[in-house]
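The listed protein sequences correspond, in order, to chains A and B. Residue 218 in the working numbering is what sits at position 199 of the first sequence, and the numbering runs on without skipping anything. Residue 404 in the working numbering is what sits at position 368 of the second sequence, and the numbering runs on without skipping anything.
I should point out that these hints are in silico values taken from the structure, not numbers from a laboratory. C-beta: ideal position from N, C-alpha, C; glycine also. Wrong hints could be hidden among the right ones.
In silico DSBU-like links for lysine-lysine, alpha-carbon gap of 30 angstroms or less [claimed, not checked]: (1) A:K225 x B:K172; (2) B:K184 x B:K56; (3) A:K259 x B:K456; (4) A:K203 x B:K289; (5) A:K166 x A:K56; (6) B:K289 x B:K82; (7) A:K200 x A:K112; (8) B:K86 x B:K322; (9) A:K56 x B:K289; (10) A:K222 x B:K289.
Pulled a few chain A residues facing chain B out of the computed Cβ check, cut under 8 angstroms [stated by the list, open to error]: (11) G76; (12) P85; (13) G164.
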Amino acid sequence: MSELHIPTMAEMAAAGNEPDILFWVGCAGSFDERAQKITRDICKILQHTGISYAVLGTEESCTGDPAKRAGNEFLFQMQAMTNIQVLNGYNIKKIVTGCPHCFNTIKNEYAGLGGNYEVIHHTQLIQQLIDEGKLKAEGGESFKGKKITYHDPCYLGRANGVYEAPRKALEILDTELVEMKRCKTNGLCCGAGGAQMFKEPEKGNKDINVERVEEAIGTDAKVIAAGCPFCMTMLRDGVKHFEKEQEIQVLDIAEITARANGL
Amino acid sequence: MIAQILFLIVLAAAIYLFSKNVKTIRRNILLGKDTDRSDNPTLRWKTMAKVALGQSKMVKRPFAALLHLFVYIGFVIINIEVLEILIDGLFGTHRVFSGFLGGLYGLLIGSFEVLAISVLLSCVVFLCRRNIAHLKRFTGIEMTSWPKSDANYILITEILLMTAFLTMNAADHKLQLLNFGHYIQAGSFPVSNFLNPLLPDSANALEMIERGCWWFHIIGILAFLNYLPYSKHFHILLAFPNTYYSNLNPKGKFTNMASVTTEVKAMLDPSFVPETTGEPGRFGAKDVTDLTWKNLMEAYTCTECGRCTSVCPANITGKLLSPRKIMMDTRDRITEMGNNIDKNGADFKDDKSLLDHYISREELWACTSCNACTEACPVNINPLEIITEMRRYIVMEESQAPASLNNMFGNVENNGAPWKYSPADRFNWANEV
Numbered sequence: 020m021s022e023l024h025i026p027t028m029a030e031m032a033a034a035g036n037e038p039d040i041l042f043w044v045g046c047a048g049s050f051d052e053r054a055q056k057i058t059r060d061i062c063k064i065l066q067h068t069g070i071s072y073a074v075l076g077t078e079e080s081c082t083g084d085p086a087k088r089a090g091n092e093f094l095f096q097m098q099a100m101t102n103i104q105v106l107n108g109y110n111i112k113k114i115v116t117g118c119p120h121c122f123n124t125i126k127n128e129y130a131g132l133g134g135n136y137e138v139i140h141h142t143q144l145i146q147q148l149i150d151e152g153k154l155k156a157e158g159g160e161s162f163k164g165k166k167i168t169y170h171d172p173c174y175l176g177r178a179n180g181v182y183e184a185p186r187k188a189l190e191i192l193d194t195e196l197v198e199m200k201r202c203k204t205n206g207l208c209c210g211a212g213g214a215q216m217f218k219e220p221e222k223g224n225k226d227i228n229v230e231r232v233e234e235a236i237g238t239d240a241k242v243i244a245a246g247c248p249f250c251m252t253m254l255r256d257g258v259k260h261f262e263k264e265q266e267i268q269v270l271d272i273a274e275i276t277a278r279a280n281g282l
Numbered sequence: 037m038i039a040q041i042l043f044l045i046v047l048a049a050a051i052y053l054f055s056k057n058v059k060t061i062r063r064n065i066l067l068g069k070d071t072d073r074s075d076n077p078t079l080r081w082k083t084m085a086k087v088a089l090g091q092s093k094m095v096k097r098p099f100a101a102l103l104h105l106f107v108y109i110g111f112v113i114i115n116i117e118v119l120e121i122l123i124d125g126l127f128g129t130h131r132v133f134s135g136f137l138g139g140l141y142g143l144l145i146g147s148f149e150v151l152a153i154s155v156l157l158s159c160v161v162f163l164c165r166r167n168i169a170h171l172k173r174f175t176g177i178e179m180t181s182w183p184k185s186d187a188n189y190i191l192i193t194e195i196l197l198m199t200a201f202l203t204m205n206a207a208d209h210k211l212q213l214l215n216f217g218h219y220i221q222a223g224s225f226p227v228s229n230f231l232n233p234l235l236p237d238s239a240n241a242l243e244m245i246e247r248g249c250w251w252f253h254i255i256g257i258l259a260f261l262n263y264l265p266y267s268k269h270f271h272i273l274l275a276f277p278n279t280y281y282s283n284l285n286p287k288g289k290f291t292n293m294a295s296v297t298t299e300v301k302a303m304l305d306p307s308f309v310p311e312t313t314g315e316p317g318r319f320g321a322k323d324v325t326d327l328t329w330k331n332l333m334e335a336y337t338c339t340e341c342g343r344c345t346s347v348c349p350a351n352i353t354g355k356l357l358s359p360r361k362i363m364m365d366t367r368d369r370i371t372e373m374g375n376n377i378d379k380n381g382a383d384f385k386d387d388k389s390l391l392d393h394y395i396s397r398e399e400l401w402a403c404t405s406c407n408a409c410t411e412a413c414p415v416n417i418n419p420l421e422i423i424t425e426m427r428r429y430i431v432m433e434e435s436q437a438p439a440s441l442n443n444m445f446g447n448v449e450n451n452g453a454p455w456k457y458s459p460a461d462r463f464n465w466a467n468e469v
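Okay, chain A solo, but in the shape it has when bound (with noise of 0.2 angstroms):
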């Protein structure tokens, strides 16, 4: 493909144009080098695609999600306020995100602190450009037959009755989807949620990832697949503590349709 632009909002209104979709890349995805990764795949199908998008680059801030779910809301609403005013400021009307815990906020938190948005995660962006025709699975990597499991994220999933976009996005390549006995609404969460995050763990007899990666392990899947950039830290951390790294990845959603596709 062509050389990878990743152009700014700020770029954007400079030149007088508005994008048709603002990607929310999220802090994991700015600044955490393992899905670091995934933000540059998700813009490479973006650009694929010819989706009009742009970033905030620098202007961009954590949404408060961490403060909201540890009871730190004033901290959340100081978060939520400035990020609305940037918003606003640039017109948006559509964003995707590259993180489930962005994706819940922006939609579900900050339509009550007058950022009115239609919010999508970048799953569903996906499968939306898989029913359009856009993408399909060629020209990269195959991943005919092969054994896949797929991790729902909570905020993705439960929070938000996001199941389907996701798998749809694996059914496309052909692969063996094979599926944990905790998934969809059953599904067990990765340890992250809830600013775990960044905590250390409370007392137990076991870490949540490594109780979650065992499952996955269970399905004898060669690639646990996430759509989330805190299930991707927990599911690797869980891998490797299995010392199962040569045998098993763990991919994000992105990454796997942007191997696809040759991206």
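Once you've looked at the hints, dock chain B against the given chain A.
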């Protein structure tokens, strides 16, 4: 005539006591803060019909759901029989419905009997699951002696009531066959038939058994009615309003605190004039009165089935948190506060609170907010909301968040990210393309 007067006294006393206890619970629930759940009545009725009446969330565990369905249908339908018993008791009639239902009456009594035996057998299986199989779901730190006994009392009572009902029918049937007294030919007895050989043949003895079972059955039901307000079994009533007032928002949507919005707006815009603020309330919840009436209604609705705890990732991995305990503690605490008010007046304050005296911080900080508990609850109870409110109190009123979370707050505030990165570097990922 004496029997009728006695019956009237017993019935009146039972109804009086029950309504008194229900009023107390209603008063306790309304000690909670206001929250508006009056929107979208159509969807609310639908939710109630589906979740409470239709038991839609029970089916996730098919075996338990089937047994529960037997008991539930049995309970609802056998109440028609209770209506007949009440009329017979008050007016001194016998099997009053048989007069105008004719052949249908036999079908009705016959189906009551089938339901009664299915209730009875289901309760036996339930007892075995709790006391012999020791299912993990029925254990846990919150399952102390009272909750365990409560469950057993309920099941044993239902078994006794059904046994009395069937024995009564069997004796009645035998008396019918003897053409004894007022025992008219009425009803069909597909189940109690099998009890006939166990009963004596003397008409007097049979009459004593029939009357004894009749009184035991109805007094048992009235006593059970009055046990409900003290028991987890109260769910049979509250499941309906509780599902009606369900949270209709996506599960991931947490409330935005209006009191905070006012302050944040004032901070961001000095010219902002807040609307008249009410009492300066507390941020979050330290005690049950800081929760909403819906949270408290949920506490009284919880029947301690433990589906929430059995799917809680924290609990599964050995952490202290158990969503069921959150609900049970909330109920225990609001009951304690209600009792205090009854004893010492409305202004009485003890030195206890839900936080620390009932729910520990370790439990609260173990939650991943994954919503597995709210998804699992067959009557749409939301333990996560209580956990979040209590976290809000700890963080915003006490500034007692775990140190690592305080670091995260500092990073979000200063760097716009939960980690210690410079906001200026936020777009660096694009350079490595």
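We went through each hint and held it up to the structure:
At most 30 angstroms may separate the alpha-carbon atoms for a hinted pair to count; K225 (chain A) and K172 (chain B) meet this at roughly 18 angstroms. With a C-alpha separation of about 26 angstroms, the suggested pairing of K184 (chain B) with K56 (chain B) holds against the 30 angstroms cut-off. Proposed proximity of K259 (chain A) and K456 (chain B) is supported: the alpha carbons are some 25 angstroms apart, at most 30 angstroms. Straight-line distance between C-alpha atoms of K203 (chain A) and K289 (chain B) comes to about 18 angstroms, which keeps the hinted pair within the 30 angstroms bound.
For the proposed pair K166 (chain A) and K56 (chain A), the alpha carbon gap of about 23 angstroms is at most 30 angstroms, so the pair holds. The straight-line distance between the Cα atoms of K289 (chain B) and K82 (chain B) is roughly 21 angstroms, inside the 30 angstroms bound, and the hint therefore holds. For the hint linking K200 (chain A) to K112 (chain A), the alpha-carbon distance of about 38 angstroms lies beyond 30 angstroms, and the restraint is violated. Of the supplied pair hints, the one linking K86 (chain B) and K322 (chain B) is violated, its CA atoms being roughly 34 angstroms apart against a limit of 30 angstroms.
Only pairs whose Cα atoms come within 30 angstroms are accepted, and K56 (chain A) paired with K289 (chain B) is accepted, the gap being roughly 29 angstroms. Between K222 (chain A) and K289 (chain B), the direct Cα distance comes to roughly 28 angstroms. Compliance with the 30 angstroms bound is thereby established for this hinted pair. With its C-beta approaching chain B no nearer than about 4 angstroms, G76 (chain A) sits inside the 8 angstroms limit, and its interface hint holds. Nearest Cβ of chain B to the Cβ of P85 (chain A): about 5 angstroms, under the 8 angstroms cut. The hint holds.
A hinted interface residue such as G164 (chain A) counts as satisfied when its beta carbon comes closer than 8 angstroms to some beta carbon of chain B; here the least separation is about 32 angstroms, so the hint is violated.
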